[in-house]
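Asker: Starting from the known structure of chain A, arrange chain B on it as the hints suggest.
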Amino acid sequence: MNLPIALQALKVNKLRSALTMLGIIIGVAAVIIMIAVGSGAQARVKEQIAGLGSNLMILWPGSVTTAGVRGGTGTAQTLVEEDAWAVMRELPEIQVAAPTQRGSGQIVWGNTNWLAAIVGATPEYFEARDWLLVSGRMFEVGELSSAGKVAIIGQTVARELFGDADPIDQIIRVRGVPFTVIGLLEKKGQSMMGQDQDDLVVLPLSTARNKIFGALPGRIGRVSSIFIKARDGVDMKEAEEKVQDLLRQRHRLGLNTPDDFSLRNLTEILQAQEAASKVMAILLAAVASVSLLVGGIGIMNIMLVSVTERTREIGLRLAVGARGQDILSQFLVEAITLSTIGGVLGILLGGFGTWLVAELAEWRVELSILSIILAVGFSAVIGIFFGFYPARKAAAMQPIQALRYE
Amino acid sequence: MALIQTHQLVKTYGVGEQIVHALDGVSIDIDEGEFVAIVGASGSGKSTFMNMIGCLDKPSSGTYHLAGEDVESMDDDALANLRNRRIGFVFQQFNLLPRTSAIENVALPLLYAREGDLAGLTKAQRDEHAKFRLEQVGLGERLLNTPAQLSGGQQQRVAIARALVNDPNLILADEPTGALDSKTSAEVMHLLTELNQQGMTVVVVTHEPDVAAYANRTITFKDGKVISDVAKENARNITTDPATGVA
Chain A
1 MNLPIALQAL KVNKLRSALT MLGIIIGVAA VIIMIAVGSG AQARVKEQIA
51 GLGSNLMILW PGSVTTAGVR GGTGTAQTLV EEDAWAVMRE LPEIQVAAPT
101 QRGSGQIVWG NTNWLAAIVG ATPEYFEARD WLLVSGRMFE VGELSSAGKV
151 AIIGQTVARE LFGDADPIDQ IIRVRGVPFT VIGLLEKKGQ SMMGQDQDDL
201 VVLPLSTARN KIFGALPGRI GRVSSIFIKA RDGVDMKEAE EKVQDLLRQR
251 HRLGLNTPDD FSLRNLTEIL QAQEAASKVM AILLAAVASV SLLVGGIGIM
301 NIMLVSVTER TREIGLRLAV GARGQDILSQ FLVEAITLST IGGVLGILLG
351 GFGTWLVAEL AEWRVELSIL SIILAVGFSA VIGIFFGFYP ARKAAAMQPI
401 QALRYE
Chain B
1001 MALIQTHQLV KTYGVGEQIV HALDGVSIDI DEGEFVAIVG ASGSGKSTFM
1051 NMIGCLDKPS SGTYHLAGED VESMDDDALA NLRNRRIGFV FQQFNLLPRT
1101 SAIENVALPL LYAREGDLAG LTKAQRDEHA KFRLEQVGLG ERLLNTPAQL
1151 SGGQQQRVAI ARALVNDPNL ILADEPTGAL DSKTSAEVMH LLTELNQQGM
1201 TVVVVTHEPD VAAYANRTIT FKDGKVISDV AKENARNITT DPATGVA
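These protein sequence lines map, in sequence, to chains A and B.
The first sequence begins at 1 in the working numbering and counts up by one.
The second sequence begins at 1001 in the working numbering and counts up by one.
Pulled out of the complex, with its shape left as it was, chain A reads as follows:
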């Protein structure tokens, strides 16, 4: 019986109903959008970590000091292929270590050419970086040991040289040397430094060393970096120390001699970035909470005012025979109806706003069910409480007091 009474009352007071709902709508929508943006940013950073390869560290040669002039990282030629194999063999914490020789050069196919990074590597490289082939095959043992002239290319190189054509089995020239393309890597995207990781050609390490970078000076078997991936669940700090100890041993460094290599834990950098984005997400959630709170206060105000304003109406209803419980259930149904409609509209607006942010700003967003429940629940509780509480007060009055209320 009280449902039609309540709906009638809402219909009669359209403006007041709309204003009450507006508070709920804005509160709910703001929370949904902000939390979606915040968790979207977090998810993006997490993806970057996954893209880099998790538990990854990179070993670079140290610097040389010539006549007091110190070169930068990588100027020394202290790392050799055997260092990688020793790390893998002797440290159980390490899943894989991949020696690589890096450079760059002009790549030519038919009448097009492109300058790309050239990486000499072994299949461990792909394992360390969690990088899969989308077509073709991996290097074979024979090609690795006898400097086979085969290449695996990244997506950017494939696009620049071949366009839409299938690169597999095509012959490309790397610094003038012909190679058969045997594999195409999946897209990796940008590194966290904004570098295009797909702009590369991977050759067998032996081939790169003998046929491409052969003219460079240095020790036999030298490499420019070693990618090291620790096993899942291993403490990265500990693994780092063990690698460092082993390398110092292998390079016969005395107690007071500084490292002739540098070891960088990339996960740490990303973790820092993740922490930063988490802070941002928390910040956004805080802002959202404030808007929810402000929305809640708006709901509270309009509910308090409208119910107080309607005390005479309550008095009249009591005079013509309404019981206290009739009044209460009427106002409860009104408050619930407003909160529900406002909540649903808020979800729709929040969803639309989130979509708009994703479309226009091209930000990664993630709708969270929890935030929706939280936002709607909070507004509903406030709306219902402050619709109900003053109505209860008014319904408990003697009818004449309510009727005479100014």
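Don't take every hint at face value.
[Said to hold, decoys possible] Below are the DSSO-like pairs computed for lysine-lysine, each with C-alpha atoms no more than 27 Å apart in a straight line:
1. 1183(B) with 1131(B)
2. 1058(B) with 393(A)
3. 1225(B) with 1058(B)
4. 46(A) with 187(A)
5. 1123(B) with 14(A)
6. 14(A) with 1131(B)
7. 1123(B) with 11(A)
8. 1183(B) with 1232(B)
9. 149(A) with 211(A)
10. 1222(B) with 1232(B)
11. 1222(B) with 1058(B)
12. 11(A) with 1131(B)
13. 393(A) with 46(A)
14. 187(A) with 149(A)
15. 237(A) with 211(A)
[Claimed, not checked] Output of the computed footprint for chain B on chain A, the stretches with three or more beta carbons under 8 Å from beta carbons of chain B:
16. 8 to 19
17. 322 to 335
18. 390 to 400
For the record, the hints were derived by calculation from the structure and aren't laboratory data.
In this text, a Cβ means the ideal position worked out from N, Cα and C, and glycines have one as well.
Answerer: Here is chain B on its own, set in the frame of chain A:
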């Protein structure tokens, strides 16, 4: 048996240290079919008395029987039922729901009817009753108008239709002409007189002698006490109702 029987009704309000006796031992009987005017200066206790007999407020002491029922012993819900079944109210400020059509305003008490023939009516039935009452007060053409679209006199007639819709034993009118000009006041008083002539008990609280003149009995209050209670034979002869043109 009298419709209204009060015995030694007392109502006190505490204002700071001072205790104000709004009603100070009022014993009055009103029979069915009477047309009573309650008069007195403001603060005399006449409105308080009306609130008591309308069950809108509770006396501090004394007894009150309405149609034989002991009002004293009732809880708030029972009082709500009693008001709904027995009493129709007409207020000075009309107290119509704003932005709500005349017919819905009149049907309002039916929404709260829980006992008797009028309980549990469908919307169509409620509207039928409301329409009948609006026609009775001469507003058959104004069913869908909201209060803002009606004149003061018309609004008060809607309020009277609302008071009638539950088929009450008693109409209580608190300064029913207080917000009206003299012409529409006369219309409203004619309407009440007409209802009384059809058998309805009518109690009007007023401070205007003109209005009191319509009643058959005038009870005068002063300082919370009844100072005079005068019955009048054939108070005013009504020939034609100026509002409806019906004798």
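Asker: If a hint holds in the structure, say so; if it doesn't, say that too.
Answerer: A quick look at each hint next to the structure:
For a cut-off of 27 Å, the pair hint linking residue 1183(B) to residue 1131(B) stands: about 25 Å separates their Cα positions. For the given pair, residue 1058(B) sits about 18 Å from residue 393(A) by alpha-carbon distance, which is consistent with the 27 Å threshold. The straight-line distance between the Cα atoms of residue 1225(B) and residue 1058(B) is roughly 17 Å, inside the 27 Å bound, and the hint therefore holds. Distance restraint check for residue 46(A) and residue 187(A): the Cα-Cα separation of roughly 17 Å lies within the 27 Å cut-off, and the hinted pair is therefore satisfied.
Between residue 1123(B) and residue 14(A), the direct Cα distance comes to roughly 22 Å. Compliance with the 27 Å bound is thereby established for this hinted pair. About 26 Å separates the Cα atoms of residue 14(A) and residue 1131(B), which keeps this hinted pair within 27 Å; it holds. At roughly 17 Å between alpha-carbon atoms, residue 1123(B) and residue 11(A) fall within 27 Å of each other, so this suggested pair holds. At roughly 24 Å between alpha-carbon atoms, residue 1183(B) and residue 1232(B) fall within 27 Å of each other, so this suggested pair holds.
For the hint linking residue 149(A) to residue 211(A), the alpha-carbon distance of about 9 Å falls within 27 Å, and the restraint holds. Under the criterion of a C-alpha separation no larger than 27 Å, the hint pairing residue 1222(B) with residue 1232(B) is consistent with the structure, at around 20 Å. Between residue 1222(B) and residue 1058(B), the direct Cα distance comes to roughly 20 Å. Compliance with the 27 Å bound is thereby established for this hinted pair. A threshold of 27 Å between alpha carbons decides the hint, and for residue 11(A) with residue 1131(B) the separation of about 22 Å falls inside it, so the pair holds.
With a CA separation close to 53 Å, the supplied pair residue 393(A) and residue 46(A) exceeds the 27 Å bound. About 23 Å separates the Cα atoms of residue 187(A) and residue 149(A), which keeps this hinted pair within 27 Å; it holds. A C-alpha spacing of about 38 Å is found between residue 237(A) and residue 211(A), which places the hinted pair above 27 Å, so the restraint is violated. Chain B is given as covering the region 8 to 19 of chain A, and this holds because 3 residues of the stretch bring a CB closer than 8 Å to a CB of that chain, at least three being needed.
Counting residues of the region 322 to 335 of chain A whose CB lies closer than 8 Å to any CB of chain B gives 5, so the stated coverage by that chain holds, three being the minimum. Against chain B, the region 390 to 400 of chain A contributes 3 residues with a C-beta closer than 8 Å to a partner C-beta. That satisfies the three-residue criterion, and the hint holds.
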